[in-house]
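Student: Assemble the complex: chain F is given as a structure, and chain P must be docked to it using the hints.
Chain by chain, the residues run as shown.
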Amino acid sequence: MRKIFLPLLVITAALFAYSPYYINQAPYESTMLLVQKIFYYHFATWMAGATAVIVCGVASGYYLFKGSVVADRVAVATAELGVIFGAFGLISGTLWGRKAWGTWWAGDARVSMALVAELIFIGYLLVRKYGGPGSEKLSAAMGVFGAATAPFIYKSVDWWRTIHPKTSVMSSLNDTPGGVIMWNIVLFCTLAFMLLLTVVLAARMRLEELRADLDRLYLEAED
Amino acid sequence: MFARVALLVLKKDIAIELRSYEIISTTTFFAAACVTIFSFAFTRDDETMAMSAAGIVWIAIAFSGTLALSRTFERERYGETLKALLLAPASRPAIYVGKLLGILCLIFATEILVVPMVALMFQSPLFNRPGMLLGLLVTGTIGYAAVGTLFAAMLVRARTRDVMLPILLYPITIPVIIAGVEGTTALMLSPPDEAMASLWLALLAFFDVVFVTLSLWMFEPLMTE
Numbered sequence: 001m002r003k004i005f006l007p008l009l010v011i012t013a014a015l016f017a018y019s020p021y022y023i024n025q026a027p028y029e030s031t032m033l034l035v036q037k038i039f040y041y042h043f044a045t046w047m048a049g050a051t052a053v054i055v056c057g058v059a060s061g062y063y064l065f066k067g068s069v070v071a072d073r074v075a076v077a078t079a080e081l082g083v084i085f086g087a088f089g090l091i092s093g094t095l096w097g098r099k100a101w102g103t104w105w106a107g108d109a110r111v112s113m114a115l116v117a118e119l120i121f122i123g124y125l126l127v128r129k130y131g132g133p134g135s136e137k138l139s140a141a142m143g144v145f146g147a148a149t150a151p152f153i154y155k156s157v158d159w160w161r162t163i164h165p166k167t168s169v170m171s172s173l174n175d176t177p178g179g180v181i182m183w184n185i186v187l188f189c190t191l192a193f194m195l196l197l198t199v200v201l202a203a204r205m206r207l208e209e210l211r212a213d214l215d216r217l218y219l220e221a222e223d
Numbered sequence: 224m225f226a227r228v229a230l231l232v233l234k235k236d237i238a239i240e241l242r243s244y245e246i247i248s249t250t251t252f253f254a255a256a257c258v259t260i261f262s263f264a265f266t267r268d269d270e271t272m273a274m275s276a277a278g279i280v281w282i283a284i285a286f287s288g289t290l291a292l293s294r295t296f297e298r299e300r301y302g303e304t305l306k307a308l309l310l311a312p313a314s315r316p317a318i319y320v321g322k323l324l325g326i327l328c329l330i331f332a333t334e335i336l337v338v339p340m341v342a343l344m345f346q347s348p349l350f351n352r353p354g355m356l357l358g359l360l361v362t363g364t365i366g367y368a369a370v371g372t373l374f375a376a377m378l379v380r381a382r383t384r385d386v387m388l389p390i391l392l393y394p395i396t397i398p399v400i401i402a403g404v405e406g407t408t409a410l411m412l413s414p415p416d417e418a419m420a421s422l423w424l425a426l427l428a429f430f431d432v433v434f435v436t437l438s439l440w441m442f443e444p445l446m447t448e
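Those protein sequence lines, which keep their order, are chains F and P. Counting along the first sequence from 1, when you hit position 31 you're at 31 in this note's numbering, and nothing is skipped either side. Each number in this note's numbering comes from the position in the second sequence (counting from 1) with 223 added on.
Bound conformation, chain F alone (with noise of 0.2 Å):
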């Protein structure tokens, strides 16, 4: 991995800085012209923090129940990604609502519950910082509650009565005017943002392997 972390960045960096001229040129949609913009980041950073949530729980599974402490390191990473990347799509989700509904906060079924699963990964983080002792195993039942609650929050608009689009307009994509070009912004921008989550979670991990040798170094010098 630390071979090809530098050629990685770069190409994140060059993404990331493509992506609003790219973004540009996508026309505008009919009823929400500019601001419909949002979008392409929005679902990009939702696909990056839904990913980062998933592995999280996976990763959270494994350590329990084999003890491997990388896996452990990187449920960490993600789970601090997992609410960075939620934070960004809930803020950026709330100025969408803005325009598109009239209102910041709809208490929409998928917001509520895209809000509980960061609220879940606060807590992960929470219990990770100040449950002392032994706090790496109940953050990972955490982790693993969490991932659990991520296919309700991807189905929730399917099932209730609500106003966010459903799953299936992006498919619709592909047979409106100009949909091939926004479908293509898209899968450019999830391309960014999953390149993003991970070189970010590879530099994370290798912080975590770091102090694991400071506080081996600090336990010899003791001795």
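None of these hints come from the bench; they were simulated from the model. Any given hint could be a false lead.
Not everything, but these chain F residues come out facing chain P in the computed CB check (under 8 Å) [as the list claims (entries may be wrong)]:
1) G131
2) F145
3) I181
In silico lysine-lysine, DSS-like type, Cα no more than 30 Å apart, as pairs [what the hints assert, rightly or not]:
4) F:K129 - F:K37
5) P:K235 - P:K306
6) F:K99 - F:K3
7) P:K235 - F:K129
8) P:K306 - F:K66
9) F:K3 - F:K37
Derived CB-CB ranges, DEER-like [unchecked claim]:
10) P:F252 - F:I91: 26 to 32 Å
11) F:T94 - P:T383: 30 to 36 Å
12) F:K155 - P:I282: 22 to 28 Å
13) F:D223 - P:R242: 48 to 54 Å
14) P:F263 - F:K66: 33 to 39 Å
15) P:S243 - F:Y218: 56 to 62 Å
Even glycine gets a Cβ: it sits at the ideal position worked out from N, Cα and C.
Tutor: For chain P alone, coordinates are given in the frame of chain F:
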């Protein structure tokens, strides 16, 4: 064997509780106090907001449930009996189910007081469809208690357990509380929206399956040192 161990743990908890009535009396009192405070907060110009009753029932259950959970395991910790229980040659999931049943008995006992009390104080039509209300209460309580028992059990060893239990428990059980509140609200409409209520009931049953399965699965690795 599994059922026998679970029932033995349940019997033990009930026997201890019946000696002092400590948890049952404190949690029901706390729930009653909660409802009373809400009845002041939600009364405007002598006209009580009947529809807020659904939320109040579930909040009172969630708050007093936390009290029951932490006291049950605090007692185990105080007597160092949880270690003995885990050392016993019994399967861990069976012990978990036994503790869960004990907690469920406590919360159901609280509900027997809280639900009629809310119906009375808020003059709300909670009992429009008693069967469906019972279903919502049972499934909702199982979902809440399943997660609660797991987290309360593993927090026994943590230093900051009093703060940590609500922090861990509330975010995870919000979906259960939401489903309970929405389902109960649908039942109070006139006429009651049975289709809506049964949708929420199905969702609650789904949550129960997910939460109980995950808890049974994780209890063993979480309770080993």
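Student: Now tell me, hint by hint, if it's right for this structure.
Tutor: Against the structure, the hints:
1. Taking 8 Å as the C-beta contact cut-off toward chain P, the hint placing F:G131 at the interface holds, the least distance being around 6 Å.
2. With its C-beta approaching chain P no nearer than about 5 Å, F:F145 sits inside the 8 Å limit, and its interface hint holds.
3. Among the interface hints, the one on F:I181 is violated; its C-beta lies about 38 Å from the nearest C-beta in chain P, farther than the 8 Å criterion.
4. Restraint check: the Cα-Cα separation between F:K129 and F:K37 comes to about 37 Å, which exceeds 30 Å; the hinted pair is violated.
5. As the CA atoms of P:K235 and P:K306 are separated by approximately 15 Å, the hinted pair is consistent with the 30 Å bound.
6. At roughly 45 Å between alpha-carbon atoms, F:K99 and F:K3 are farther apart than 30 Å, so this suggested pair is violated.
7. Of the supplied pair hints, the one linking P:K235 and F:K129 is violated, its CA atoms being roughly 36 Å apart against a limit of 30 Å.
8. This hinted pair checks out: P:K306 and F:K66 have alpha carbons roughly 23 Å apart, not beyond 30 Å.
9. Using a Cα cut-off of 30 Å, the hinted pair F:K3 and F:K37 is violated, with the two alpha carbons roughly 35 Å apart.
10. The beta-carbon spacing between P:F252 and F:I91, approximately 43 Å, falls outside the hinted interval of 26 to 32 Å.
11. Here the CB-CB span from F:T94 to P:T383 is close to 33 Å, well matched to the stated 30 to 36 Å.
12. Hint check: F:K155 to P:I282, Cβ distance near 26 Å, so the stated range 22 to 28 Å holds.
13. At about 50 Å, the CB distance of F:D223 to P:R242 agrees with the hint of 48 to 54 Å.
14. Checked against the hint of 33 to 39 Å, the C-beta distance between P:F263 and F:K66 comes to roughly 53 Å, which is inconsistent with it.
15. At roughly 48 Å, the beta-carbon separation of P:S243 and F:Y218 lies outside the given 56 to 62 Å, and the hint is violated.
Of the numbered hints listed earlier, those contradicted by the structure are 3, 4, 6, 7, 9, 10, 14, 15.
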